[in-house]
Each structure stands twice: as C-alpha cells, then as structure tokens.
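Residue numbers (our numbering), protein chains in the order written: chain F, 1 to 390; chain X, 391 to 696; chain E, 697 to 1092.
Be careful, since some hints might not be right.
[Claimed, not checked] Restraint-style ranges between C-beta atoms, simulated for each label pair:
| no. | chain 1 | residue 1 | chain 2 | residue 2 | range |
| --- | --- | --- | --- | --- | --- |
| 1 | F | 336 | E | 753 | 50 to 58 Å |
| 2 | X | 456 | F | 292 | 54 to 62 Å |
| 3 | E | 919 | F | 136 | 41 to 49 Å |
| 4 | X | 489 | E | 846 | 48 to 56 Å |
Derived from the structure by calculation, the hints contain no laboratory data. Every residue, glycine too, gets a C-beta built ideally from N, C-alpha and C.
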Amino acid sequence: MIRTGKIITAGLMAAVLVLAAGAANAKDKVKVGFIGPLTGGVAVNGIGGRNSADLAVKLRNADPKAKYEYELVVLDDECKPNVAVQVATKMAADKDIIAAATHYCSATAIATVDTYHKFGFPVIVWGAVLPDITYRNKYAEVHRVNGTMINQNDANAELISKLGYKTVAVIHDTTDYGKGHNEYFSKALAKIGKAKIVGTFGVTAEQQDFTAELTQIKALNPDVIYFGGLTPIGVRIRSQMDKLGIKAVFDATSGIVSDAYIQGLGPLAEGTLAFREGAPTEKLPGGKFFIEKYNAQKYDNPPEAYGAFAYAAMDMILNTIEKVGPDRKKVIDDLGNVKDRDSIVGKITFDDHGQNTVAVITKYVIQDGKFVEWDESEYASGKRKLPGQK
Amino acid sequence: MDLGLFAQYVMNGLMLGMMYALVAVGFTLFFGVLDVIKFSHGDVVTVGAFTALAAFAGLHQLGFNSPWLDLVVMLVAGMLAMAALGMLIARYLVMPLRSAPALNTLLITLMLGTVLRESVRLFYPQGGNPKPFPALLPRNSIDLGSFNLRLDNVLMLAAGGLVVVGLQFLLNRTKLGLAIRAVAQDEETARTMGINFTAIVLVTFAIGSGLAAFAGVMNGLYYNEINFGIGLYLGVIGFSAAIIGGLGSIYGAILGGFLFAGLQTIGTVLLPFASAYKDVFAFAVVIAIMAWRPTGLIQEKISERV
Amino acid sequence: MNGYEPMAEGAERGEKAPAPLWPGLAALAAATGYLIALLAAENQAFIISLLAAGIAAVLAAAWLRLLDRASRSFMDHEDALAGCAVVAALAVAAYFHEDHFVLLLVITVLLYTVATLGLNIQFGYAGVLNFAGASFFGIGAYTSAVLNAHTAIPHLIVLAFGGVLAALIGSLLLLPVLRTRGHYAAVVTIAFALLFKTFLEVNDVLGGPQGMQVPGMKILGWTFNDNIEIGKISLSFYMNYYVVSLLLLIGAFVVVRRLERSWIGLNLDALRLDETAASCFGLDVVRWKITAFLIGNFLIGIAGALFGMVGSFVAPNNYTFADSLILVSILLLGGIGNPWGLIVATFIVVIVPEKLQTIQEYRFLLYALLVIAVLLFRPEGLLPRPVRRYFPGWRP
C-alpha cells in the first residue's frame, strides 16, 4: 500500500514538473485585431488587407524570438459607417484585444475615431485616405500608415490640366470620402487655374440609376468626368456613360484601383485614369519580400492595392507589443514616438496627429485590362489617345 | 430644355415604367385570383435574374458564345425556374393560409421575400457583391441631336410590350384565360362550373412568376448589373404601382407602373440637385394617393361580411 | 334537483385559489442563471451546447406541465414577480459590471423591448399595422443627436422630445393609415419606411450617409460617458445607461400593462377584433386608432432617443425597412399582445446571433425562417396572450 502510494506521488510530481516545463515554454497569448470590409462591393480590398495582416501575424508566430503568441481577431465593417461603429465598439470593449489595424473605407474610419478614443484603443489605419481621420481631432489612439487624398488630388488636377482639358464635371458620393475628394480636387484644380468645373453632382453610395445625373452632364458636354467614390458605383457610372453616348474621359481616384473595376467593365474600362498614394507594391522597398511571402501562403485573393499597408500596420503593432508588452496605454505612448521606423513600405514617421507621410503618387491609366503607370503607358507616349486628348 | 434632352428623359421613363409594369402585373394577377398580396414577388425577380445569370455562366462553361442563343436560354431557364418556384410558394405557403387572417399571409410572404433575398446573398457565390450582367443585345445606337437612341432599349421596350399584349391575349381570348378570370371573379361559382381551382391558381402563379423572371432579365440587361437588393426595391414599387392602378385590374397595373416611373422622372427634373430625392418624391405621392383614394385610383368593390 | 352540489364560496365568479408563488420564482431564477451563463460564455462549442440544453429544458418543462404552473403563478402574482424580474436584471448588471460589451447587449435588449412594446400597442391592441417601426426609432435617435449637439436642453427632456417628434411625424401618416385597411395600410407604412431612409441619406443637414455622432448623456453634471470608480470597484460607463434603460423599460411596461387592463385597452381590443361591431356600440374608431398609433410612436421615439445616446452614433443605415421587419418579427415571435413574450423574444433575437458568431451572417435568413415556421404552426407565438380577466381573481 505504501509502495503504491509512493509510486503514485512520484508519478504526480513528474506530471506536474512536465506541465510546469511545458507552461514555462508556452508563450502568453496576445490578441490583435483587424477591421475591414469583408463583404459588399469593396470586399476584395478588405479581404486582401485581412490576408496581409494575417500574413504578418503568421510570420511573427513562426519567429522563435517573438515573446508572445499572437491571435488575429477579424471583424467585418461592410464599408458601412453604422456597422463599423458597432464592430469597433465590440473590438474596443474587449479588454483582451490590445490594438488593431483598421479600415479601408474612409466613411467607416471617420465614424469610428471617436469610438476608439472613448475606449482608449490604439489603432493604425491601413487603407482609408480621408485627411480628417487623423486631422479632425488630435486623438492619441489613431494613427495611419498610408497617405491622405490631398496629394493624389493634386497630382490628378495637375495631369488633367497638363493634358489640355478645359471642362470637368464632378460626380462624388455623399459620404465624407466622396465629399473629401470633391473638396480637394476642386481646390487643386482652381489653384492651377487652367480647367474649370462645370457641374458637381452628389450620388448615394448604393445608387443604381445614374441616368438623371448623366443626362444633365451630357447637356453640359464636359471634356472630363471626375469621379470621387468607390468601385461599385464607379462601374455603374462608367457603363451608363457609355449607354448614354457620353464620350468624356473618366478620371477617378484610389477608390477604383482594384481588379473588380476592370472585371466589372471589361473593354469599357480602357482609358480610365486613376491615382494612388504610394508606389505600386512591387516597387516598394519591402515589396518583393511581401509578394513572395504572400504568394507562399496561397491565399484565395490577391493583396490588392493596400495589402502592403495593412501588412506594415500590423507589423508595426506587433513590433510595438514586443517592445512594451500587451498594454494598451503603453502601446499608445510608444506609437506617439514613431520616427523613421523601417517597414516594407519604407520609413514610417508619425507626425503629431499620427499621420505618416507618403510622398510618392502613382498615376495609373487602364490599358488592355490592366492598371499601367501613366509614364510607361502608350497614352503618355502618344501611341494611343484618350478621348479629346490633343 | 431642348427636345433631345426631353426625349432622353422620356426614354428613361419608358424603360423604367416597363419594368415596374411587368412586376405590378404579377401582383395584380395574384391578388385577383387568390385575394392575396404576395410580397415576395419582388424577390422572385431577383432570384429569376440570378438564375438567368447562372444559366449564362453555365453556357459559357460549355463553350456556347452566341449572344442570341445565350439570351434565349437565359430567358427560358429563368422563366421556367421561377414558374416552378411560384407554384411551390402557392402550394405550400399561400394556399394553406387562405382561411387565416389576411395579415398572416402578408407577413409570411414578407418573410419569404427576406428568405429569398438572404438565400441569394448567402448561397450564390459572392452573392453579396453586385454582379455584372452580360450585355447580350446589340449595342448600336443612333444619335438624334442630343438624344442617343439605343437599339437595345428599343428592343427591350418592344419585347416588354409584346409580353403585355400576349398576356392580354391569353386572358381574354383563350379558355385558360377565361378560367383565370372566372376564378378571380367568384371562386365558388367557378368551382361549381367544373374549373379545377387549385390547378388554375398554380398556373396563375406560374405565369406571374415567369413574368417576374422576364422583368429580372430585363433589369439586368438595362443596368448591366444585378445585385441581391433589386428585388426589395422593385417589389415595393411594383406593389405601389399595382395599388395605384387598382388591384385586380391588369390595365390598372400597367398604368400604375408607368405612372410611378413618370413620377420618378418628374421628380428628377424638378429636383436636379439630388436624384435620390426622386424616390422620396414618388413614395410621398403614393402615400398621398392612398390617403385620397384608399383602394387605388380604380376603385375596388369591397363587400364585408358583418 | 338530484345531483345538485352547492358551489364553493365565490365559485360563481370563477374564483379559484390563487396559484403559489414559487413556480414563477423558480422559473425566473432559472432564466436569470441561464442568461448569465450564456452571456459569460465565450467558447463556441459551449454556447451551442448551452443553447441546445436550454431548448431541451424548455420542451421538457412544457411536457411535464411545469410551464403551465409557472405561467399561472405569473398571472396571479404578476406585480410581485415583475419586481423580482427587476432585481434579477440588477443582478445581471452586477455580475457583468466591468464588461462593456455584455452591458451594451443587454441595454440593446431593454431598449428594443421598449420599442416593441410601442409596436405592441399599435398592432397587438389596436390592430394598426406599422411596418416603419425602425423609422420612428430613428426619428428619436436623430432628435437626440441634433438636440444634444446643438442645444443645451437637459438630456432627459431630449428623450421626451424624441418621443414627441416621433409621434408628430407619425401623425403625418394618420390620414392614410386611418382610411386604409389590410394590405393597403401595409403599403403606406412600408412606403414611409423606404422614404425615411432615403430622405436621411440624401439630406446633408442631418449628416447624410455618414451619420452623426451623438454626445453622451449628462444629467445634473454627471457625465454618462466616463467610467465609474466606487472605491476599488470600477464599473463600465454603460452602467449609467443600463440604469436609465431599465427605468424606461419598467415605466413602459407598467404603462402598457395598466393600459391593457383598463377601459382604454378594452376599447382597443374591441376595435381590433371587429371594427364594424365596435362602431355599432358607439366606440369612436378613429379616435382610438389615433391614440394607439400616437402612444406607440411616442414609446418607440423615446427608446430611439436613448439608444442614440448609448451608441453615440446615428446613421441612416441603422433604420432601414429590414430593421423594421426585425421589430415585427420580435412581436410575432413573442406572441402578439403579450409583453412578457416580447421580452423573451427580444432576448432571443438580439443575444443569440451575437453569441453564436457562426450564424451572424445568416441571422436575417434564420429570423425570417423562424417567423415563417411560427406563422405556419403556432401563429399565437411563443407566449400567447392570455384571455382577458374581467373580474379580479378570475381564471379561465
């Protein structure tokens, strides 16, 4: 009896030791978050961003030097402001989630900044371009790695004026995103002073039928139609332009830089202009590394235009947590001192509003079903001509 | 406003009116036969459009590429599938509830509409995103001044008109039509005259749902795009149009459809700064009409048992 | 005269001995415990098994006639049990005093219940169809958004304003609603629901599709949006809103119950069941329909105003026709005309999809299927409305 007792005790002690050793090796789990539009018209961008953030987490978990084991919590904001506020509240209210990379749609990002501030939840925006997101308030919680729309609209106005166009009609969606584009483009065009805006039309983000606006635009007969909005209505407007026989240049913004635009229009997409801050993914400093690792994971969708930024945002969050530990306040303090940190999109510095500066603007034109850089295109060299190009 | 612009607005209005009229005719047919409002009719339009799109994808997989063949197959597939769906709905959801208060049928069909809509969104691959619809009609157009007359719009208008005329012919000149009108007028007498009530009801639902599929394909061809939400919008408009014209009257439904489209076009012209206001305007007018004439412009004769 | 038995005292009035209190108490305690467990659970497998166990327990209780006993004790001791329900609600709040999200969920349930109680007055008592419930909710929310941001009106009065405005705008619809019956009446409110959302989206004054932020509630200097610290215990700031919502629900519930049992409720029931007969008896049909419609909208508006402040954000997309249909489904599911049924149904409709993440996407589909099943097989709903009691102590 006593012998059995000793054996059992020994066995129990051994078991406890093994468990303790195992526990000592097991890393603490830390949760980080990602919010993006995973359903709806711009889902491909959200899914690309999510895959990129997931890649960052996976690569970090595979790194034996990492102090923590990370788990990515993903929520869908459906590119709708009200849903975004709900999921932002849900994520920020969960004390286990330390920080998140958030939002592609500007409409959702601007709606949620107050929520993040209320809960003291640090976030880094990866895709939304509206300047107000970082500049309307001075919230220590909100940061952004991608650029704002001011620079892309400057470049846009410059190209239009350089090509000699005189009249522009503006269509924009009525969310803060579209209104922002309208505001900055109008200012930039007025500053150059060569072209003028003959009409401005606001449309709702889910509008189906644009024949009313386009019929009025047809009567105004502009050289260029500028569109400030996202891919789903961009596709509809371009195809209804064709139906009404309007032969102006379709000049759009980063909202349509997505394969979904080309797929939706087929040959009609030819000759559309678009602008985007940041170099194309392959030309970024860490671009090749990112693309190689992304393809190795065999995701169903490509990273799309902002995938690299989502990766950079998540990577920065992970670096910060590694440095200061899983504590929201410490993360916020550290993100307040970001200067020249390395990332795949180049050196990141946050100004006093948490905004990174991205100097390069890429100009695109759609040629043969692909987004081609303007300077390398046949439109720039003169082999092909946009409608009305001299 | 110059003549060309005016003509453009008229053309837009006619196209919309044709689509609304087709949906409204369905509502009126169902009401006439069974005294029931099938709210899911709009979502049947959506399902019909998606079925046609699936047929198109299937055809392409098999390698057929002729636009006319594609169009015919899509229409046939969509209309037959929706006819079958309509019959199922009639048989299992509407007919059993005939003795229940009318409210229950209304609610059940509303919920059924939601089921259809959500099923398309969830179970069709990437159903939540708008889907490009192939442009199968010839794209030639003639420019008459500032008015761009497109061949495909003309074709669609003509096809819609033919369908409506065909329906009138069916109802007024054939035995089947006679049976449908008899059942709509007085169910019991029709039964004593030897008409198979259930069969006629099923056939009517099949016809109405087939029309819905036609409207769905037309919608897809006109906008070159379909998404899972078009049914709700078209359904409410079709219902309002049927009500304005007076439930139970085919002519009224067609009139109502074009009237609603006319209201929307007038709204766009009067309020050029935001064309979305056209919906606010049109619905407000509908509510006003309901306040003025509670059973529609063409009065319905109601008798109530006390 | 053979076989004649003298009746028991009071038996000619149908009086029987009142049912004991404990079945109702037991049911309430079990429900509260279950709710706390469900809200606290995180693991999906555990949640699914908890839900299955819950359904099995309810079915077993029904079979064993335990539900009958509980409902009878509820009927006889309603006021006492209602008081216990309030205590239970406070217990739930105390348990989750630090958890922001759970408190937010329960607040959502409380406020949706108030809104559905309003809908119940319109629909369940007076038979007036209202498919624009979410629109009136939205009117209340936008009222609190605008008034809180631009004026210094005390926030409690803002709540009342929300209700008043909802009732006022509802009165625009009065003429069509009164003159139409059945499906024609349905069209009026459905058209209004669509019109309202489009109007909000197009209108930049009210924020357009971007919506508006709503400043938090402040009563007598106590800011609701700051976390509370009492000694060592820190409470989530949602506790403030919880208390106010609970008070609102208690108020609405009391009003609805009193209304139902009063002569007003009797009039509404009469006119719902048969308008022609009611008008033959001299009831002013128009006046009662207007009363029901306005009171209902007032309740919905107040709930909306408070909810706007809780969520601190309003946008047109929150108040669509689909949301109105959800309120109607809650009404149907719970049992038209029965306020307790509403509470249960609201819990099911709001909490289960949040907990069961896997079905989040499918929740509209599942609601619709559930309502279709209920309409086909059990049109009275989960907790059907009990027969009206004409004398105290009388039981069917």
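Hints and how they fare:
In this structure, residue 336 of chain F and residue 753 of chain E meet the distance hint of 50 to 58 Å, their C-beta atoms being roughly 53 Å apart. In this structure the supplied range 54 to 62 Å is violated for residue 456 of chain X paired with residue 292 of chain F, their Cβ-Cβ distance being about 44 Å. Between residue 919 of chain E and residue 136 of chain F the Cβ separation comes to about 22 Å, which falls outside the hinted range of 41 to 49 Å. In this structure the hint that residue 489 of chain X and residue 846 of chain E lie 48 to 56 Å apart at CB holds, the actual value being about 54 Å.
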